[in-house]
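In order, the protein sequence lines correspond to chains A and B. Once you know that position 76 of the first sequence is 76 in the UniProt record's numbering, the rest is easy, because the numbers rise by one and skip nothing. Once you know that position 44 of the second sequence is 44 in the UniProt record's numbering, the rest is easy, because the numbers rise by one and skip nothing.
Simulated from the structure, these hints should not be mistaken for lab results. Be a bit skeptical, because a hint or two may be false.
Below 30 Å or equal to it, Euclidean Cα-Cα: the simulated DSSO-like pairs (lysine-lysine) are [claimed, not checked]:
#	chain 1	residue 1	chain 2	residue 2
1	B	Lys354	B	Lys241
2	A	Lys23	B	Lys66
3	A	Lys17	A	Lys129
4	B	Lys267	A	Lys129
5	A	Lys129	B	Lys66
Stretches of chain A that chain B covers, calculated by requiring three or more beta carbons in the stretch to come under 8 Å of a beta carbon on chain B [claimed, not checked]:
#	segment
6	6-16
7	89-100
8	143-155
Just a sample of chain A residues kept apart from chain B, beta carbon distances all over 10 Å, derived [as the list claims (entries may be wrong)]:
#	residue
9	Leu86
10	Glu108
11	Glu140
Every residue, glycine too, gets a C-beta built ideally from N, C-alpha and C.
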Amino acid sequence: MQCQECGNRPATLHYTKIINGKKTEFHLCEVCAKEKGEQMPGMDAGFTIHNLLSGLLNLDGQMTEEHPSSQSSATVQRLRCPTCGLTYNQFSKIGRFGCSDCYQAFAERLDPLFRRVHGHRSHRGKVPKRTGGKLRMQREVDELKQQMAMCIEKEAFEEAARLRDRIKELQKKLDS
Amino acid sequence: MSLQDFTQHALSEWMRGQGPRSDIVISSRVRVARNLSGLPFPMLATSSQSSEIVRRVEDALRREDKPSILKGAELIRMDDLSDLEKRVLVEKHLISPHLAEESRYGAVVLSQNEAVSIMINEEDHLRIQCLFPGFQPEKAWELADELDDWFEQELTYAFSETKGYLTSCATNVGTGIRVSVMVHLPALAITRQLNRLFPAITQVGLAVRGIYGEGSEALGNLYQVSNQVTLGQREEDIIQKLTGVVRQMIQHEHNARSRLRETSLTKLEDRVHRSYGILEHARVISSKEVMERLSDVRLGVDMGLISGISSQVMNELMVLTQPGFLQTRSKQRLDVDERDVRRAQMVREYLSLKRNEGNH
Numbered sequence: 001m002q003c004q005e006c007g008n009r010p011a012t013l014h015y016t017k018i019i020n021g022k023k024t025e026f027h028l029c030e031v032c033a034k035e036k037g038e039q040m041p042g043m044d045a046g047f048t049i050h051n052l053l054s055g056l057l058n059l060d061g062q063m064t065e066e067h068p069s070s071q072s073s074a075t076v077q078r079l080r081c082p083t084c085g086l087t088y089n090q091f092s093k094i095g096r097f098g099c100s101d102c103y104q105a106f107a108e109r110l111d112p113l114f115r116r117v118h119g120h121r122s123h124r125g126k127v128p129k130r131t132g133g134k135l136r137m138q139r140e141v142d143e144l145k146q147q148m149a150m151c152i153e154k155e156a157f158e159e160a161a162r163l164r165d166r167i168k169e170l171q172k173k174l175d176s
Numbered sequence: 001m002s003l004q005d006f007t008q009h010a011l012s013e014w015m016r017g018q019g020p021r022s023d024i025v026i027s028s029r030v031r032v033a034r035n036l037s038g039l040p041f042p043m044l045a046t047s048s049q050s051s052e053i054v055r056r057v058e059d060a061l062r063r064e065d066k067p068s069i070l071k072g073a074e075l076i077r078m079d080d081l082s083d084l085e086k087r088v089l090v091e092k093h094l095i096s097p098h099l100a101e102e103s104r105y106g107a108v109v110l111s112q113n114e115a116v117s118i119m120i121n122e123e124d125h126l127r128i129q130c131l132f133p134g135f136q137p138e139k140a141w142e143l144a145d146e147l148d149d150w151f152e153q154e155l156t157y158a159f160s161e162t163k164g165y166l167t168s169c170a171t172n173v174g175t176g177i178r179v180s181v182m183v184h185l186p187a188l189a190i191t192r193q194l195n196r197l198f199p200a201i202t203q204v205g206l207a208v209r210g211i212y213g214e215g216s217e218a219l220g221n222l223y224q225v226s227n228q229v230t231l232g233q234r235e236e237d238i239i240q241k242l243t244g245v246v247r248q249m250i251q252h253e254h255n256a257r258s259r260l261r262e263t264s265l266t267k268l269e270d271r272v273h274r275s276y277g278i279l280e281h282a283r284v285i286s287s288k289e290v291m292e293r294l295s296d297v298r299l300g301v302d303m304g305l306i307s308g309i310s311s312q313v314m315n316e317l318m319v320l321t322q323p324g325f326l327q328t329r330s331k332q333r334l335d336v337d338e339r340d341v342r343r344a345q346m347v348r349e350y351l352s353l354k355r356n357e358g359n360h
C-alpha cells in the first residue's frame, strides 16, 4: 500500500483516528507521518515516531552484525555515521541527522542538498564566541605550520624559528 | 478566580504589549537552534543523554551572572505538566506541539514575562526563542543573540567551520535562525489579493503559514512570514530581507484598507459592526467563527470604525478562546459543543469587562 499523503513511498504506519465518533483511517509512510506529527494521537502513550525510528535504527545495527561480510559493506560503511550509526539511507528517509558527526560522514552527499534548500553550502553567519575563538586560532596554527615546513625546506631557519615560537605561543593559548 | 485575575495570570507580554506597527503586525519572533557537541541529537539520544542536556541547562541557569531577562526564569519539564497545561503553552506560542507531544525529556525555560522561551530536547537540544509584540524582529534577534552568547560560555555547541551550527534537520543548519513575523491581513483577504501576494513571497525564499506553524490553516487572516534559508547568509542579512518584505506587505495592506474605505465604507462598517454584535451577543460560537469575527472587529478598531475597545483585546481573545484556555478556565474537560458555549460566554464577559475598564 502506498502512503496516502505523498503517494510515493510505501505506507508503514497504519492507524485509525476517532473524532466525535467519526472514524478515519490513515496509511502513511514514516516521512509523512512525521510531518503530520502535530496531529498524532496518543501523546502520553510513550509511543512516538521518534521512539519507533530509533527502535528501527537499533534493529538495523543488529542486522549488520549478523552479516559482516556483506558485499556492499564498503559502500554502506562509507555512508554510515561512525558515531551514531545512522546510515545515509535512513537519513534520507527520516530527514533528520542523528548527531553532529553525520554532517562529516555524509559530507559528499550533502552539498547538493544544501544548495537545493539554501542556495549555498558554506556558513557565513555567527561563530561561537568562546569555542569559535579557538577554532580560528587552530586554523592559524595549521597555516603557520605549513609556512614553517616551507621555510625549513628552503633552509630559511631563522624565519622557521620565528614561526615555531609563534605556533608555540598559540598552542599554549589553545591548550589552556 | 475572577476573569480579570485569570487573564492577568494567563496572558503573556507579547499579547498585551504595544509594539511598532501593531495595527498590522501582531508579533515578531526569533528562534535559534543549537546542539551540544558530543551528544547525539534528541531523535537518537538515550534517556540519560537527554536528561543530561536538561541538567546542563539547569546548571547554566544557576550562574549568578545571568542576563537580567532570565532572572526568575523557570525550567519546566514536560513530564510534570498535564496535557491541558501543555496545550495552553502551545496556544500561547511558547512551546511547539512537537515539544508538548513527542519529545522525550522535553523541557522549557520561561522568562517571567514570557518573552523568552527556551525549548530543550525538541528537535534540537536547544531552541532559544524570543517573542516581542509588534514589528521588531531586530530586537528579538538582539536578545536571542545575547542569550546564545551567554549559554555558550557554559555549553559547547556543535559547530563546524564550513557548515556553521549543526542542527538535527538540514533546513536549519548554518545560522540555525528562524525569524517570523505574525501579520494580520484582513483587507488583502477581503479584496482577494493574497493569492497574488503569497507566491511572490515564496519566490524570494520566505515562507507564509497559518499561525500555529507548519501545516496549520490560516485562521482570522493571521499569517506567519518566516525565512527558509539559514545557510550562507548572515543573520543580519536574513532579518533585513524579511523585514523588507514585511514592510511591503504592510504597505499593501494599508493600501487595501484605504481603498476599502474609499469605495465601500458602508459595507465595511456593516461587516465589522455585525461581527462585533455577534461577539457581544452570541451564545454558541466555534473556534473558526470566533477568529473570523475577531479579525473583522480588529480591522474595525484599527481603522477607527469601532471605538471603546482596543485591538489588544482582540489579541487576547484570540488566545483566550482556544480550547486549552477554555478548559483551564472552567477547570474541566469540555467536548466541542460545550466549548462553543463556553467560548461565547468568555467573549461576552471579556468584552464587557474591557469596556467597563475603558469607562473608568
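Results of checking the hints against the structure:
{"no.": "1", "hint": "Lys354/B with Lys241/B", "result": "violated, 38 Å"}
{"no.": "2", "hint": "Lys23/A with Lys66/B", "result": "violated, 51 Å"}
{"no.": "3", "hint": "Lys17/A with Lys129/A", "result": "violated, 49 Å"}
{"no.": "4", "hint": "Lys267/B with Lys129/A", "result": "violated, 57 Å"}
{"no.": "5", "hint": "Lys129/A with Lys66/B", "result": "holds, 16 Å"}
{"no.": "6", "hint": "6-16", "result": "violated (count 0)"}
{"no.": "7", "hint": "89-100", "result": "holds (count 7)"}
{"no.": "8", "hint": "143-155", "result": "violated (count 0)"}
{"no.": "9", "hint": "Leu86", "result": "violated, 7 Å"}
{"no.": "10", "hint": "Glu108", "result": "holds, 13 Å"}
{"no.": "11", "hint": "Glu140", "result": "holds, 12 Å"}
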